[in-house]
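Can you build the whole structure from these sequences, using the hints too?
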Amino acid sequence: MSAAPDQQGRKALDDLTKALQELHRAAGRPSHRRVSDAIRRGAYPATVSHEGVRSALNGLREPRWETVESIVSVLAESCHPPRDPQAEVARFLPLWRAVKEGDAGSLKSARELFLQGWGGEDGTWTPEMVAGMLINPFNAVEIDPALVAPHEPLIAEEDWVKVALRVIEESGAEFFLHALLRILKGDYLGGEHGAPFGYRSATDELNEDEAQEVFDFVCEQMVRRLRTEPNLLARSIKAFHDDGDIDDEERERVLRAESDPSLMREVMTLSPESWDEVSEEAHWLVFAYLVEEGAVVGRPNLPPEQRFSITWRIPEPEGA
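Position 66, counted from 1, in the sequence shown is what numbering that gives the first Met the number 0 calls 65; the numbers after and before it change by one each time, with no gaps.
Because the hints were derived from the structure by calculation, they are not lab data.
The beta carbon of each residue, even a glycine, is placed where N, CA and C say it ideally should be.
Please note that the accuracy of each hint is not assured.
Ranges between beta-carbon positions, derived for each pair [what the hints assert, rightly or not]:
| no. | residue 1 | residue 2 | range |
| --- | --- | --- | --- |
| 1 | Glu173 | Glu21 | 34 to 44 angstroms |
| 2 | Lys161 | Val296 | 25 to 35 angstroms |
| 3 | Pro314 | Arg181 | 52 to 62 angstroms |
| 4 | Arg264 | Glu207 | 25 to 35 angstroms |
| 5 | Val160 | Ser308 | 27 to 37 angstroms |
| 6 | Ile167 | Glu76 | 37 to 47 angstroms |
| 7 | Glu291 | Asp208 | 16 to 26 angstroms |
| 8 | Glu249 | Ser308 | 11 to 21 angstroms |
| 9 | Leu301 | Pro81 | 57 to 67 angstroms |
| 10 | Glu315 | Glu157 | 38 to 48 angstroms |
| 11 | Val296 | Arg53 | 26 to 36 angstroms |
Right, here's the structure in full:
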């Protein structure tokens, strides 16, 4: 037997113990030694001493699965009328797993649902059964946290359901489920550059509206940083010219802009208070100095801080 469970696993162990005690009562309360002897004589996965049986039935320590399986099999056959040992073992498995794995362990895997039949005793599904199939760690698909957080969908839920039903009618449920699983895992069907229809690959260029939205957001953040970091612009200009990995085309554009004395005068005298008074060319040049990349990383309905990302040439100070 393994060591006693921590506080978090105590309730799960209590549930397992109560279930074992109920089965023990239904079997006529055979002695611990009698149960141990029956296990030793049969073809069971473990040999359990009478002390091991007593410990398991009283919840003194966390039992190994082989111990639980052997005790349950013997007790099930001793019930009046006898219970199906395989069904009882299947009933106890999630109880034992819950001691090891918490709530996730108590949920059935897809394989268990398939072997044991669909739904409950009356053939109906409960929310817990659905959750067990979808979120059990054995079946889980790794999904970006932004997708599992509460959010408004891009299209109405009923519209999505209608489209899904039409696909199922035309192509069958098996095709639809395979496609859905592949999409959840990132293997998009029919998309270009690894992205599904309606989505943009991270390597694609931004459209004009998105580019303007990114630029506007980054400008707000640049003004914020310029207000709190007075020497940020000078440090960023030096970092730009010291960076040997900058794209040749971008470097040429900046050098060409720097050859304009009036534009450079605007940039070098710029302040957060005068930001709205300088030209767009000055905004662009400051952008080139301060920012390595501005990108769209989230859905259109997310707040700007979650939708856009900024890679600064000079990282923000910790705690900013």
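query: So the hint says 38 to 48 angstroms: do the beta-carbon atoms of Glu315 and Glu157 match that?
result: holds (43 angstroms)
task: Determine whether the Cβ-Cβ distance between Glu291 and Asp208 falls within the hinted range of 16 to 26 angstroms.
output: holds (22 angstroms)
field: Range agreement (Cβ of Ser308 with Cβ of Val160, hint 27 to 37 angstroms)
entry: At 33 angstroms between Cβs, range holds.
query: Taking the CB of Glu173 and the CB of Glu21, does the distance hold inside 34 to 44 angstroms?
result: For Glu21 against Glu173, whose Cβ atoms are near 41 angstroms apart, the range 34 to 44 angstroms holds.
task: Check the following: the C-beta atoms of Val296 and Arg53 are separated by a distance inside 26 to 36 angstroms.
output: violated (59 angstroms)
query: Do Arg264 and Glu207 keep their Cβ atoms within the hinted range of 25 to 35 angstroms?
result: Holds: the Cβ-Cβ distance is about 30 angstroms, inside 25 to 35 angstroms.
37 to 47 angstroms as the expected CB spacing between Glu76 and Ile167, which holds or is violated: At 45 angstroms between Cβs, range holds.
task: Indicate whether the distance between the beta carbons of Leu301 and Pro81 respects the range 57 to 67 angstroms.
output: About 59 angstroms separates the Cβ atoms of Leu301 and Pro81, which means 57 to 67 angstroms holds.
query: Does 25 to 35 angstroms hold as the CB distance between Lys161 and Val296, or does it fail?
result: holds (30 angstroms)
query: Per the hint of 11 to 21 angstroms, is the separation of the Cβ atoms of Glu249 and Ser308 within bounds?
result: holds (19 angstroms)
field: 52 to 62 angstroms as the expected CB spacing between Arg181 and Pro314, which holds or is violated
entry: violated (38 angstroms)
Going through the hint list in order, the structure does not satisfy hints 3 and 11.
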